[in-house]
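If you count by mature numbering (1 follows the signal peptide of the UniProt record, and there is no 0), then the sequence shown holds residues -22 to -1, 1 to 85, one letter each, in order.
Keep in mind that a hint or two might mislead.
Pairwise CB distance ranges, derived in the manner of DEER restraints [claimed, not checked]:
{"no.": "1", "residue 1": "GLN16", "residue 2": "MET(-22)", "range": "23 to 29 Å"}
{"no.": "2", "residue 1": "VAL71", "residue 2": "VAL27", "range": "17 to 23 Å"}
{"no.": "3", "residue 1": "VAL19", "residue 2": "VAL71", "range": "19 to 25 Å"}
{"no.": "4", "residue 1": "LEU41", "residue 2": "LYS(-20)", "range": "19 to 25 Å"}
{"no.": "5", "residue 1": "LEU72", "residue 2": "THR44", "range": "18 to 24 Å"}
Keep in mind the hints are simulated off the structure, nothing from the lab. We treat Cβ as the ideally placed atom computed from N, Cα and C, and that holds for glycine.
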Amino acid sequence: MFKKSLQTITVAATVVTASGCAAVASPVGQGALFTSVQGPVTATPNAAVSKVGESCASNVLGLFATGDASIEQARRNGGINEVSTIDHHSTSVLFIYSKFCTVVRGQ
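Build the full structure now, drawing on both the sequences and the hints.
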């Protein structure tokens, strides 16, 4: 009985501790096994959209983080001069790998 309780506590502590290793921004919270969400950042009165640009950053185990998920980089990647909307999407798997992307639409 004690051994089973100790195992349960150990697993729970591991999950709680690992939850910050490769976490991403999410409007609904972080899924323990998998997260894949999208959300708005902002919109402008400019309704015309003819180009899309995306910029991403990723993280592995909380040890290696690379990329540029800035709005400016997404704008440059899409060749956009006038921004209409900015959205984001994030994905994470088992707190091992996460990716956060910014999507800019405009002209």
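When the hints from earlier in the document are held up against this structure, which numbers fail?
-> Of the numbered hints, 1, 2 and 4 do not hold.
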